[in-house]
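> Given the coordinates of chain Y, assemble chains R, Z, D, H and F onto it according to the supplied hints.
Here are the chains, one letter per residue:
There are 6 protein chains.
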Amino acid sequence: MIIDKKSIPWQDRPEHFKDIMWRYSANPIIHRYDIPGSNSIFNSAVVAFGEGFAGVFRCDSKSVQMNIFVGFSKDGLHWNIEHSPIDFKTGNTEMIDSDYKYDPRVTFIDDRYWITWCNGYNGPTIGIDYTFDFKEFFQCENAFLPFNRNGVLFPERINGKYLMLSRPSDNGHTPFGDIYISYSPDMKYWGEHRCVMKIAPFAESAWQCTKIGAGSVPIKTEEGWLMFYHGVISTCNGFRYSMGAALLDLENPGKVLYRNKSYLIAPAELYETTGDVPNVIFPCAALYEGDKVAVYYGAADTCVAIAFGYISEIIDFMKKNAL
Amino acid sequence: MIIDKKSIPWQDRPEHFKDIMWRYSANPIIHRYDIPGSNSIFNSAVVAFGEGFAGVFRCDSKSVQMNIFVGFSKDGLHWNIEHSPIDFKTGNTEMIDSDYKYDPRVTFIDDRYWITWCNGYNGPTIGIDYTFDFKEFFQCENAFLPFNRNGVLFPERINGKYLMLSRPSDNGHTPFGDIYISYSPDMKYWGEHRCVMKIAPFAESAWQCTKIGAGSVPIKTEEGWLMFYHGVISTCNGFRYSMGAALLDLENPGKVLYRNKSYLIAPAELYETTGDVPNVIFPCAALYEGDKVAVYYGAADTCVAIAFGYISEIIDFMKKNAL
Amino acid sequence: MIIDKKSIPWQDRPEHFKDIMWRYSANPIIHRYDIPGSNSIFNSAVVAFGEGFAGVFRCDSKSVQMNIFVGFSKDGLHWNIEHSPIDFKTGNTEMIDSDYKYDPRVTFIDDRYWITWCNGYNGPTIGIDYTFDFKEFFQCENAFLPFNRNGVLFPERINGKYLMLSRPSDNGHTPFGDIYISYSPDMKYWGEHRCVMKIAPFAESAWQCTKIGAGSVPIKTEEGWLMFYHGVISTCNGFRYSMGAALLDLENPGKVLYRNKSYLIAPAELYETTGDVPNVIFPCAALYEGDKVAVYYGAADTCVAIAFGYISEIIDFMKKNAL
Amino acid sequence: MIIDKKSIPWQDRPEHFKDIMWRYSANPIIHRYDIPGSNSIFNSAVVAFGEGFAGVFRCDSKSVQMNIFVGFSKDGLHWNIEHSPIDFKTGNTEMIDSDYKYDPRVTFIDDRYWITWCNGYNGPTIGIDYTFDFKEFFQCENAFLPFNRNGVLFPERINGKYLMLSRPSDNGHTPFGDIYISYSPDMKYWGEHRCVMKIAPFAESAWQCTKIGAGSVPIKTEEGWLMFYHGVISTCNGFRYSMGAALLDLENPGKVLYRNKSYLIAPAELYETTGDVPNVIFPCAALYEGDKVAVYYGAADTCVAIAFGYISEIIDFMKKNAL
Amino acid sequence: MIIDKKSIPWQDRPEHFKDIMWRYSANPIIHRYDIPGSNSIFNSAVVAFGEGFAGVFRCDSKSVQMNIFVGFSKDGLHWNIEHSPIDFKTGNTEMIDSDYKYDPRVTFIDDRYWITWCNGYNGPTIGIDYTFDFKEFFQCENAFLPFNRNGVLFPERINGKYLMLSRPSDNGHTPFGDIYISYSPDMKYWGEHRCVMKIAPFAESAWQCTKIGAGSVPIKTEEGWLMFYHGVISTCNGFRYSMGAALLDLENPGKVLYRNKSYLIAPAELYETTGDVPNVIFPCAALYEGDKVAVYYGAADTCVAIAFGYISEIIDFMKKNAL
Amino acid sequence: MIIDKKSIPWQDRPEHFKDIMWRYSANPIIHRYDIPGSNSIFNSAVVAFGEGFAGVFRCDSKSVQMNIFVGFSKDGLHWNIEHSPIDFKTGNTEMIDSDYKYDPRVTFIDDRYWITWCNGYNGPTIGIDYTFDFKEFFQCENAFLPFNRNGVLFPERINGKYLMLSRPSDNGHTPFGDIYISYSPDMKYWGEHRCVMKIAPFAESAWQCTKIGAGSVPIKTEEGWLMFYHGVISTCNGFRYSMGAALLDLENPGKVLYRNKSYLIAPAELYETTGDVPNVIFPCAALYEGDKVAVYYGAADTCVAIAFGYISEIIDFMKKNAL
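Chains as they are written, first to last, in the numbering used here: chain Y, 15 to 337; chain R, 15 to 337; chain Z, 15 to 337; chain D, 15 to 337; chain H, 15 to 337; chain F, 15 to 337.
To be clear, the hints were calculated from the coordinates, so they are not data collected in a lab.
Check the hints yourself; a few may be wrong.
It does not matter which identical chain is meant; a pair holds if it fits inside one copy or across any two.
[What the hints assert, rightly or not] Below, a list of computed lysine-lysine pairs in the BS3-like style, where the Cα atoms sit at most 30 Å apart:
| hint | residue 1 | residue 2 |
| --- | --- | --- |
| 1 | Lys234 | Lys333 |
| 2 | Lys306 | Lys333 |
| 3 | Lys103 | Lys212 |
| 4 | Lys234 | Lys202 |
| 5 | Lys334 | Lys149 |
| 6 | Lys149 | Lys175 |
| 7 | Lys212 | Lys32 |
| 8 | Lys269 | Lys103 |
| 9 | Lys103 | Lys334 |
| 10 | Lys306 | Lys269 |
| 11 | Lys334 | Lys212 |
| 12 | Lys334 | Lys88 |
| 13 | Lys32 | Lys202 |
| 14 | Lys32 | Lys333 |
| 15 | Lys149 | Lys32 |
| 16 | Lys103 | Lys202 |
| 17 | Lys212 | Lys202 |
| 18 | Lys334 | Lys269 |
| 19 | Lys149 | Lys88 |
| 20 | Lys202 | Lys269 |
| 21 | Lys175 | Lys334 |
Chain Y on its own, in the form it takes in the complex:
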């Protein structure tokens, strides 16, 4: 396996800039109207594939129907997104109907790409499908009962089992939410649910005091699984989503080794502070190559942007700045 080892998108840290992560200067890389009929393209996942990259994109139509679309790119920056949503075949279930699909993540495990997303089945839950080639997609059983969001798979099995992070929710704009882990022997039945990370106290780390949710597929490092996640604060004018990172134990990923007290990036650019939902940074994927990492995030529920950083710096910062 050499995925994630090709040239990822990259831009050096701007001179005099001192933060741990920095934005791509040409952000957003994908605009809201980049495919016909789209209202917005955001909260999307990318992965190394073939000579370049493949991705699964959340494109809300102008009827504001939420669905997921395949796209391809040579450089990870310029994307050709298909104009029709993914059409599913039967995987390990006959039930391949959904009310809506949004916020996909993509993980390569063993021999195939697994996609998880927020699937509408009488409320949001975690949908699963797999593909070998990003042409044919096979839908599987939903992982959980409603209500759940932000299901993220680990890129390898541990003790033979698949692992999924998720955030139990309710059926609206959930004003609470912690990150859990669940295990499955077969991607069909899930159990051994454990709470991994809770929201932070308001007085200590208010940017993540309302709810948190797993973002990118965890990256295996020598020190642990590095996961980017979003945290939410509830202001008098609504939710504000920022991005942090956590390091999970390699063998028992239900254990948090370190976790950011400070966020890594929070909404500040105009494409983050204005849009369909102002003040949202929502990471869904990360490409890495050596120490470099490029995090893809949805901005303002409207477009897709990238931020860069060095894995080693991010982990160092996490240790010095632990919650």
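Then chains R, Z, D, H and F, alone, in the frame of chain Y:
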């Protein structure tokens, strides 16, 4: 009567632009501070009048008192709005006092211009007045009991009766709302209330899943009454108002023939995504000439903008894209 | 016309009892299971009819469907309620379908009995029908747009117009509500809406500080229209409904002459403090004969009870105890 | 296996009583203070065991800590409940700690008694344990992620899999809730989640329009699985819980064959309408013998009561009275 | 000073009854209609005075105006309550106007009786007055800014300062609330505010997990200040108020030595579970004599009842049953 | 004392600009990232000090911890803000711990600078400290019990007493709030609480209809104390904060002489309409020199900006435009 037959404001569709409706390049046409003491000018109605156009404008003062003002324009783009609100004489009622007035619409019927607006009488309801000359205005009985908003009259009587669309509400930032039609023999007593259009299912057309309200005075076409309306989605950061259109049956306007599944325009420009209430497009009037139509809409509860389109294309789109 | 002149139910004030109104010692007169399949019978209206009395009863079934039923009684205390709900014929409308019906009132005007009730048409509004004989019922247009409850007609026309009290509401367990009056030339179109009575300040008369609603058909007295109404306070354990009375101007019933600051009766007996909705006294009808009046009220949304009083004492008390 | 075949508690239908189910005349059978330190004993499950019956009881202490206790009875009416809560050993999990436990159900499958309950693990979810003898109890993995309540197992495996009904919830007094079914090969990992029954429309069957939840372990009949469940309506004074029944397909229990439109019993007796939570009937278990069934239900979150009926009549009624 | 040393009301513990506190068998001692025009009499305070006892009573009128009234009793069980509310003279303030007054407490300090109550001044805050003879009452400055409730003075000064417990609130049916202590050199200016007791965790002592408030004037014992307080749990059908006790440090009463994990009494009798606000036990005063204590509490916001106990047993129980 | 008599920041009114106050053309003067680790710098107070100016700044860190920092400036426009928050010594209290600190104000009284701020002590209340030199800071007792915000001291004692304005709140994003005044003989004990200014009626001055709070330290003028304050309206997309002014009586500052009906400035520039909390103008300080005044305000909870005006014009406007 040849109203609405003079030269309306117009600008051709931008090259390479493919959407059904497009914005005026010099939007907004009216700015928040365009009259002394105004905080914002938005959600306003215009109509052909004399050699040009007249309008009734919602101008909130810097004390954020809501009132309606007369204005005149030769080209529909540059407006002289009076600096004092409309002063009413007695029409068919002695009760011409109001707590506040907002969101006017103007309709020419038979021999006079009828203005409807959201009238504060122990809560919002539909106020009515008429004028022959936009100099003297005669207030009539409120059409309904509180609580109601978005009262829009049809431009002609059917079977001798006046028809009004409205949206029953509650006394706050109503999180629900459908469009109804009511009939009156005399503009004083109203009845035969029927539900015309309901909100759409979240999974099918989420931009209009929270509430909807009639926008412009319906335009009579061969295929039906064309009405622009607003639809609202409730995001975690508040309401977002977009614009769609519907075609109502010519003889029985309580019957919807077609209705947009996709919106026609939704907040995306900075004057729509920022302002006193971010992410609002609120149509209140439409001028047409042949196949051309210019829709006036309030943007972000702050200013007035215009969008253009062809009636035939809008109706075609509605048929292909029906909810 | 000699309705309401026959012997009404009556029981003298208990010795040593000093309140203005007193309960019937055999309350409740109608129990929850008095007809097959009923869950509860309450909030019902009675009227003198033929040799005795007729009534329209709210009977919720064991599926908790709400509907209205006819009943007859010789003495006003013992009732035969039919086992099927009222079946409507077409009156002045073709639309005789309802989602549900509840809380009826009955008024004799001119030559027939008019029944008003809370009619489910995409939310509660005021349904109207008439009958000459309590056998055939003719449904008319709903008086108003949703959302409305507690529509009560006056027993005679004034200046040729029908008058209706009502309480604009919202679509749930409305936590606000004032009493309005509306006029109609024909029982089909309604207008001239005026606010009659508002809720009372918490510090002055808290039992009616959350919402109020007309109860019985107004009784014409020399001093004015006497109307029993309910007032609601919002406790930390829900709403509590009590009963008061108001005197409205004979010629302009939109004008309140006097209104109780104290309630007349409030929930205190076990059949009032326990039941499907604890702590509810909800008057819907009043029979009178000379100075005597018997008020029928729903208790705890479960059963029907009666309270007695002298009209002259009630009016005297209202004057001395005016809000 | 001959469980549930011994003499169950029974009392014939009272003369002249016509409802499908009737209450035990000596209700409640267990009172709130029946063990030292208890505040209330309710929402409890019983099962045939040995020469008599065993049960698992929700006893809230006077600190209002919620826990589950074992009890035994010879006749199903008089119970000896232990004074200390159940102490768990490790079953298929090491995690046997709980924040609280409530609302147990008991099912015999194959060779042992399985107990499910609402288990506090950062919010309510479904706890599982088994016992062979009601002396030693072995805690297993929680079935689901939070938030969930009312987990009820089927008394036998179908296609080798265990089946559980449950009601996904949120973390408070959930104002919504439908019944789902999930499958497990091993009582550890769960999947194949399907929605079984949704709340009913307000206008059709309002007693179950807010939320519903499985009650007793389904009883296998020739016509299908008979399950008693609770339905909730939201009144202006809080929730009201009533009891209905449904018949699920024998081979595919995710399919509802019939379901009560009317409730079977609803709060009406003083021990149901008053107590810690007024107006609650909450079935948790059913014993049957031939055609006779005795349903155990919690009353007013305070005590335990029984209602009786004939299975054949209940199913007949369900067919004639289907939602 | 020998107040509280005369014969207090007393009744021995019922045989076989094992709880720490028990109710008076003739409860309630004061009924809702015990004075003319009253709707309810509850949440009231008593104190030894002269040859017997004096009290300050919350009597809500039939207009549900809340006010406080003086009463006298020889035995503490039979009370003569005056028919007009207390009329205030100027104490240390000119502002003796109030929107409403409720929930009084009475404390003898030095040479006079101090009364504190919930005083309506643009919302609830703590009103203060003093009397020497229960004939003339002198109103003082409100202790705090709104919003506050349950202000209770200590019966002696410590380090020359007055001490008051209170519960900061908001302006409605506050769903939160902890007990604070404040100090004053002069009963006019207050400071040194400290949090004394917080609500308990839901999983440990749910009866006091929503809000708590000081009840009776603390009783000085050798082991500390004994204070009865109320705790509230929020059920799906509203708040439930129960009574516990705490022991505060003699020299630093801001420090809790012990505090009940279990409640002492909770609503169970019909006069506690039904009434204007079901399920309320609200202690406001305690008389003691040697080891005996009689606690006066409001029941269901409707009437006044008494519970008895032995101080030594209550303290022992608190130690064994500490939160 | 000659503070506030040196050269304040100033810029003349732009030509043709007619409003009473105008923004500094180089706004914002302090940006969100101006010190290392800051997320935002806003709602801050400045005062003349030494040869220039000192200030106390609210800097939220990137963990969104809220704290207050000292800064210095020669011209009031360019600021050196320290990189560590203020470290407190013991003043008149031993309790110098806080959960968080925000929204400071600074007042010179007699011989020292007093700082008030929103102090986290089990919820927000008013913290107090003093400094002579902006090097050493001495924390004092919190002025009030929770919950309170926007504590502002008068710059001199009246009748020997300190005076503080504040706004009683609740523990969340308080949707109500009026301005009160309290008195203290010693900065430790507070009393004589009076309501000074309430919110305005929606129909008259909606920008201040939800809540209001004192902003800058009152400026003594011949006509009264001039205070800038914020007012809030609740839109469907959240709170909008604007700035007004009031004139309080010189001898009895609890009495409002005049108060703006119109706001002075409201969010309109992009740095006010976008940011962490869109649409916020929050004044915390004012420097004046002769007739000129410079008001410092937080913008969008993100940065600091200045607006200018003439005191005489502001007072004139207030008189002509009084609420």
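> Hint by hint, where does the structure go against what was stated? Just the numbers, ascending.
Violated hints (numbers, rising): 12, 13, 21; every other hint is consistent with the structure.
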